[in-house]
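*Asks:* So the chains spell out like this:
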Amino acid sequence: MEITVFTVLDTLGTLAFSISGATLAIKKRFDLFGVFVLAFVTSTGGGTIRDLIIGNTPVEWMSNNALIITIVFGAVAAVLLNPYMNKLNYYVYLFDAVGLGLFTMAGIQKGISNDFSIFICIALGTITATFGGLIRDLITGEQPMLLTRKEIYALAGATGGGVYFVLRWLSVPEEISLPFCIVLIFLIRHLTHRFNFKLPTYSEEGGWSIKD
Amino acid sequence: MEITVFTVLDTLGTLAFSISGATLAIKKRFDLFGVFVLAFVTSTGGGTIRDLIIGNTPVEWMSNNALIITIVFGAVAAVLLNPYMNKLNYYVYLFDAVGLGLFTMAGIQKGISNDFSIFICIALGTITATFGGLIRDLITGEQPMLLTRKEIYALAGATGGGVYFVLRWLSVPEEISLPFCIVLIFLIRHLTHRFNFKLPTYSEEGGWSIKD
Amino acid sequence: MEITVFTVLDTLGTLAFSISGATLAIKKRFDLFGVFVLAFVTSTGGGTIRDLIIGNTPVEWMSNNALIITIVFGAVAAVLLNPYMNKLNYYVYLFDAVGLGLFTMAGIQKGISNDFSIFICIALGTITATFGGLIRDLITGEQPMLLTRKEIYALAGATGGGVYFVLRWLSVPEEISLPFCIVLIFLIRHLTHRFNFKLPTYSEEGGWSIKD
Chain A
2 MEITVFTVLD TLGTLAFSIS GATLAIKKRF DLFGVFVLAF VTSTGGGTIR DLIIGNTPVE
62 WMSNNALIIT IVFGAVAAVL LNPYMNKLNY YVYLFDAVGL GLFTMAGIQK GISNDFSIFI
122 CIALGTITAT FGGLIRDLIT GEQPMLLTRK EIYALAGATG GGVYFVLRWL SVPEEISLPF
182 CIVLIFLIRH LTHRFNFKLP TYSEEGGWSI KD
Chain B
2 MEITVFTVLD TLGTLAFSIS GATLAIKKRF DLFGVFVLAF VTSTGGGTIR DLIIGNTPVE
62 WMSNNALIIT IVFGAVAAVL LNPYMNKLNY YVYLFDAVGL GLFTMAGIQK GISNDFSIFI
122 CIALGTITAT FGGLIRDLIT GEQPMLLTRK EIYALAGATG GGVYFVLRWL SVPEEISLPF
182 CIVLIFLIRH LTHRFNFKLP TYSEEGGWSI KD
Chain C
2 MEITVFTVLD TLGTLAFSIS GATLAIKKRF DLFGVFVLAF VTSTGGGTIR DLIIGNTPVE
62 WMSNNALIIT IVFGAVAAVL LNPYMNKLNY YVYLFDAVGL GLFTMAGIQK GISNDFSIFI
122 CIALGTITAT FGGLIRDLIT GEQPMLLTRK EIYALAGATG GGVYFVLRWL SVPEEISLPF
182 CIVLIFLIRH LTHRFNFKLP TYSEEGGWSI KD
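Chains as they are written, first to last, in my numbering: chain A, 2 to 213; chain B, 2 to 213; chain C, 2 to 213.
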């Protein structure tokens, strides 16, 4: 197998989401097999939906054993390290934010190599980065991060994707623009979360505003 | 792109479901980006599943920019008009019922052009018309319309689909049978909802009956 | 249509899951159409996802009318027999356990005929056998069996799949190994359920243990 930019982003993102899913499973007191299952669906869910709607089958994880090994590695790491993680929720969130940046760029790479328009590429990036976490949250009964009403999540990915296409149009080399946008997505997600920054929501009294 | 009967039905249904999804998102106090995301998954969900199981990839919305524009238009309309909508729930329901008729017929058209049997065509129509709403309801935590136990919903689509094939067999022209069945589906859905008509459910005391 | 080992396993598993889904729908007081819809999604859900990720479209149930007839037969049987079933929950569970063994082996057969690795074959078997039930549980609001934390479910399928490949490697004939593994999966699921056997889960005080 040839190692491409997509492969590297996809493997690192898979590792991050595997740890995020396994950690949530441990926190929810799933058994050891359940920890692996949740690591698996969290890290493959977004890419599977991306590959299905493109028509790129068998989907990525079925033809790439390195991804399976990465998922097992992430789940084992989460199991071994969790006695040292004092706030499990925080690590679920943190590794999700890291994966968000990596998978958004992985999805965009796949969109570009399939000659889709910029809008569709950004949609593919956002779907890759958020749907694994959505499945993780739906089957564990967590409030889905994707639709949390109070946080900037998918928008961080979409914004980073937009910036990437601007940099591409300005002919900034990939070695600079890709890491830059991955860090940018992580920072948008993390800083808006930390400082409780919100987009406007609607209420009958005040119209559209950022008040709760 | 060639404009076909399918294209017209698909675009109008997309508009209806986009308004339905966006309105629910506003009612649930999602932020502006969340309003767009819910409009998007509600209006593309059913058609995406239909295209995936047929093997028609990339799926419709990825190769048809008019659909994306339609979704944005529907979401913006819902945002601008919502101060004038006094019962948001009612509009979620109403545009869903309009979309139900349009998407059932869109799905059936695609089934026919792929030479599937009548049963499979009706199943495709029903899936197209109900799975977007199912995804909308699952991710917002609403009681899913598809499985509400108390209302006639998917059955309205399936009945209209059956009537369409009877009319087709009687050689009634499409210009008559299509609008007729779309209105029929809307009316079955709306009147049974309004007059609280139910199918039998089972209880241990009374066997199968329509009592609650 | 040619009758293969896959066809037989797929049809019998479809029957079991149709009864399981229809029985849960009756218990949840769905109307008659809802009973059919839940029988349909429960029995086709796992195989549909399996076929989609392989890229085997149109998916199985769209090109095999015998499956549709089997689903209707299972749903009608559940409706007619339910006055004689005194503990509906038990039958939902029991037919799910029967279907678990049959669908795991059906999925593995399809994996083998597509030349996938042993790991991917077992994953395909487990997905076929558990995702229909997952969809059934998600849309009815039941605690998903797949992620129940307290029971051995998907692991029973994966274990039976592993044993099947060992027997295959030992050149045990299919006529023996297939029924053996189907019964084995059922027994692992049923006996661990009955005798409340668990895998270790994590708690902060005791580390990984099988205590609640």
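The hints are simulated quantities; they were obtained by calculation from the structure and are not laboratory data. Please read these numbers as outputs of a predicted model, since none were measured by experiment. The beta-carbon is built from N, C-alpha and C at its ideal position, and this holds for glycine as well. Each hint should be verified, as a subset may be incorrect.
Stated by the list, open to error - Where chain C lies over chain B, by a calculated footprint (3+ residues, C-beta under 8 Å):
#: 1; segment: 17-28
#: 2; segment: 115-121
#: 3; segment: 190-204
*Asks:* When the structure is checked against the list of hints, which entries are broken? Sort them ascending.
*Replies:* 1
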